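Engineer: These protein sequence lines map, in sequence, to chains A and L.
Each residue of the first sequence is one higher than the last, beginning at 1 in this note's numbering.
Each residue of the second sequence is one higher than the last, beginning at 1001 in this note's numbering.
Be aware that a few hints might be false.
Stated by the list, open to error - In silico DSSO-like pairs for lysine-lysine, Cα to Cα no more than 30 angstroms straight-line:
no.	chain 1	residue 1	chain 2	residue 2
1	L	1151	L	1020
2	L	1147	A	120
3	L	1006	A	137
4	L	1147	A	65
5	A	52	L	1078
6	L	1146	A	29
7	A	65	A	29
8	A	61	A	43
9	A	29	A	52
10	A	43	A	65
11	A	61	L	1024
12	L	1020	L	1084
13	L	1125	L	1046
14	A	65	L	1146
15	A	52	A	141
16	A	120	A	138
17	A	141	A	61
18	A	29	A	149
19	L	1084	A	65
20	L	1084	L	1046
21	L	1147	A	149
22	A	52	L	1151
23	L	1046	A	141
24	L	1151	L	1125
25	A	120	L	1146
26	L	1151	L	1006
27	L	1007	L	1020
28	L	1046	A	138
29	L	1147	A	125
30	A	61	L	1125
31	A	125	A	141
32	A	149	A	65
33	A	83	L	1125
34	A	125	L	1146
35	A	61	A	138
36	A	138	L	1151
37	A	45	L	1007
38	L	1084	A	137
These aren't lab readings, by the way, just hints derived from the structure by calculation.
The model shown is predicted, which means the values in this text are computed figures rather than measured ones.
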Amino acid sequence: MDNMDHSILNLIQREFPIDTRPYRVIAEKLGIEEEEVIQRVRKMKENLHIRKLGGTFNSNKLGYKSTLCTLAIEENRIEEVAKIVNSYPGVTHNYIRNGEYNMWFTLIAESQEALEATIKEIEEKTEIHEIHTLQAKKVFKINVDFPLKAN
Amino acid sequence: MDNLDKKIIRWIQSDIPIEKEPYKTIATNLGIEEQELLDRIEEMQKQGIIRRIGAILNHRSVGFHGNGMVAWRVEDSKTEEIGKIMGAQREISHCYERNCFPEWPYNMYTMVHAETTEDCEGIIKRIAEEIGITDYVVLFSTRELKKTSFKYFEE
């Protein structure tokens, strides 16, 4: 990746134009050809620098409920428990972190009832009855923006 | 939001095709005019249903290797004030006030990103001093077990 790639990423991670010719809008801002922007974005997608180019949504406004969950689990059960937890499409992120509560996952469901039912089901399947839900009371910031150096 | 909006969400929640006229392709697939698609996307964005259309980067692959989750213990009367300060930090991508439980009294959560773990720790220390909070834990991820985008309105 060079400086031009960084400049493109800085623009499109913030906002991909909602326009009939989005790449032309970007190209005009950067003073390069539309086709070059397309080629560069394609390459960064193939190289997995771009994980996704698409929409992100406010799940609450779509009627969904989400939460962060945590549990304390022995090292030798991680694989087995992760397999069960990760099998739910509503589990979008799952990490092992340092500390007593070492498994942290996020869960999203179509209602509060469905959310709670899923957690109960995971508890039954894993036989871990202390999955703690840390539901958000207030969102102060969501901004997945990684400023990249571009000279 | 009507059924067409839901169909649109199903199309734009995954990767938008990387080509000259991506919205035209999506509109054709939906059997609507491109302009209607653009208008509806803009309307949903205005309503806050769509946070944004954009690129989500693989932050490790673009050079951010120090990514820490910090759980802070903040007095209830101070969460508003501190949430605003945290939200204004460039290195913080997410900041939430959350429910806690007796064994775990931490009620505010931030994600902090930096090029290295050391940088990340330095930033956290600076923020802690700025907000005057000493009771906090830094949780670095040691393993990524799953990372995906949720698919809304899937049948």
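Engineer: Each hint should be assessed against the structure and marked as holding or not.
Structural biologist: Status of the hints after comparison with the structure:
1. For the given pair, residue 1151 of chain L sits about 25 angstroms from residue 1020 of chain L by alpha-carbon distance, which is consistent with the 30 angstroms threshold.
2. Between residue 1147 of chain L and residue 120 of chain A, the direct Cα distance comes to roughly 22 angstroms. Compliance with the 30 angstroms bound is thereby established for this hinted pair.
3. With a C-alpha separation of about 27 angstroms, the suggested pairing of residue 1006 of chain L with residue 137 of chain A holds against the 30 angstroms cut-off.
4. Distance hint between residue 1147 of chain L and residue 65 of chain A is fulfilled; the C-alpha atoms sit about 18 angstroms from each other, no more than 30 angstroms.
5. With a C-alpha separation of about 36 angstroms, the suggested pair residue 52 of chain A and residue 1078 of chain L falls outside the 30 angstroms cut-off, and the hint is violated.
6. Distance check on the hinted pair: residue 1146 of chain L and residue 29 of chain A sit about 36 angstroms apart at the alpha-carbon level, beyond 30 angstroms; violated.
7. Proximity of residue 65 of chain A to residue 29 of chain A is assessed by CA-CA distance (about 38 angstroms); at most 30 angstroms being required, the pair is judged violated.
8. Taking the CA atoms of residue 61 of chain A and residue 43 of chain A, the gap is about 34 angstroms. The hint is violated against a cut of 30 angstroms.
9. Distance hint between residue 29 of chain A and residue 52 of chain A is fulfilled; the C-alpha atoms sit about 22 angstroms from each other, no more than 30 angstroms.
10. Among the hinted pairs, residue 43 of chain A with residue 65 of chain A is inconsistent with the structure: their alpha-carbon atoms are about 35 angstroms apart, more than 30 angstroms.
11. Using a Cα cut-off of 30 angstroms, the hinted pair residue 61 of chain A and residue 1024 of chain L holds, with the two alpha carbons roughly 26 angstroms apart.
12. A distance of roughly 40 angstroms separates the Cα atoms of residue 1020 of chain L and residue 1084 of chain L; the hinted pair therefore is violated under the 30 angstroms criterion.
13. A hinted pair counts as satisfied when its Cα atoms are at most 30 angstroms apart, and residue 1125 of chain L with residue 1046 of chain L does not qualify at roughly 37 angstroms.
14. Restraint check for residue 65 of chain A and residue 1146 of chain L: satisfied, since their Cα atoms lie roughly 19 angstroms apart, inside the 30 angstroms limit.
15. Using a Cα cut-off of 30 angstroms, the hinted pair residue 52 of chain A and residue 141 of chain A holds, with the two alpha carbons roughly 21 angstroms apart.
16. For the hint linking residue 120 of chain A to residue 138 of chain A, the alpha-carbon distance of about 24 angstroms falls within 30 angstroms, and the restraint holds.
17. In summary, the hint linking residue 141 of chain A to residue 61 of chain A is supported, as the alpha carbons are separated by about 16 angstroms, within the 30 angstroms threshold.
18. At most 30 angstroms may separate the alpha-carbon atoms for a hinted pair to count; residue 29 of chain A and residue 149 of chain A meet this at roughly 17 angstroms.
19. For the hint pairing residue 1084 of chain L with residue 65 of chain A, the CA-to-CA distance comes to about 24 angstroms; that is within 30 angstroms, so the pair holds.
20. Pair hint residue 1084 of chain L plus residue 1046 of chain L holds up; C-alpha atoms about 23 angstroms apart against a cutoff of 30 angstroms.
21. For the given pair, residue 1147 of chain L sits about 26 angstroms from residue 149 of chain A by alpha-carbon distance, which is consistent with the 30 angstroms threshold.
22. Note on residue 52 of chain A and residue 1151 of chain L: the hinted pairing holds, with a Cα-Cα distance of about 13 angstroms set against a maximum of 30 angstroms.
23. This hinted pair checks out: residue 1046 of chain L and residue 141 of chain A have alpha carbons roughly 18 angstroms apart, not beyond 30 angstroms.
24. A C-alpha spacing of about 37 angstroms is found between residue 1151 of chain L and residue 1125 of chain L, which places the hinted pair above 30 angstroms, so the restraint is violated.
25. Using a Cα cut-off of 30 angstroms, the hinted pair residue 120 of chain A and residue 1146 of chain L holds, with the two alpha carbons roughly 20 angstroms apart.
26. Restraint check: the Cα-Cα separation between residue 1151 of chain L and residue 1006 of chain L comes to about 11 angstroms, which is no more than 30 angstroms; the hinted pair holds.
27. At most 30 angstroms may separate the alpha-carbon atoms for a hinted pair to count; residue 1007 of chain L and residue 1020 of chain L meet this at roughly 22 angstroms.
28. Taken as a hint, the residue 1046 of chain L and residue 138 of chain A pair is honoured in the structure, with Cα atoms around 21 angstroms apart against an allowance of 30 angstroms.
29. For the suggested pair residue 1147 of chain L and residue 125 of chain A, the alpha carbons sit about 22 angstroms apart, so the restraint of at most 30 angstroms is met.
30. Simply put, residue 61 of chain A and residue 1125 of chain L have alpha-carbon atoms about 35 angstroms apart, too far for the 30 angstroms limit, and the pair is violated.
31. Distance hint between residue 125 of chain A and residue 141 of chain A is unfulfilled; the C-alpha atoms sit about 34 angstroms from each other, more than 30 angstroms.
32. At roughly 36 angstroms between alpha-carbon atoms, residue 149 of chain A and residue 65 of chain A are farther apart than 30 angstroms, so this suggested pair is violated.
33. As the CA atoms of residue 83 of chain A and residue 1125 of chain L are separated by approximately 36 angstroms, the hinted pair breaks the 30 angstroms bound.
34. Taken as a hint, the residue 125 of chain A and residue 1146 of chain L pair is honoured in the structure, with Cα atoms around 19 angstroms apart against an allowance of 30 angstroms.
35. For the hint linking residue 61 of chain A to residue 138 of chain A, the alpha-carbon distance of about 14 angstroms falls within 30 angstroms, and the restraint holds.
36. At roughly 23 angstroms between alpha-carbon atoms, residue 138 of chain A and residue 1151 of chain L fall within 30 angstroms of each other, so this suggested pair holds.
37. Simply put, residue 45 of chain A and residue 1007 of chain L have alpha-carbon atoms about 24 angstroms apart, close enough for the 30 angstroms limit, and the pair holds.
38. The suggested pairing of residue 1084 of chain L with residue 137 of chain A holds, with an alpha-carbon distance near 15 angstroms, which does not exceed 30 angstroms.
Violated hints, listed in ascending order, are 5, 6, 7, 8, 10, 12, 13, 24, 30, 31, 32 and 33; each of the other numbered hints is respected by the structure.
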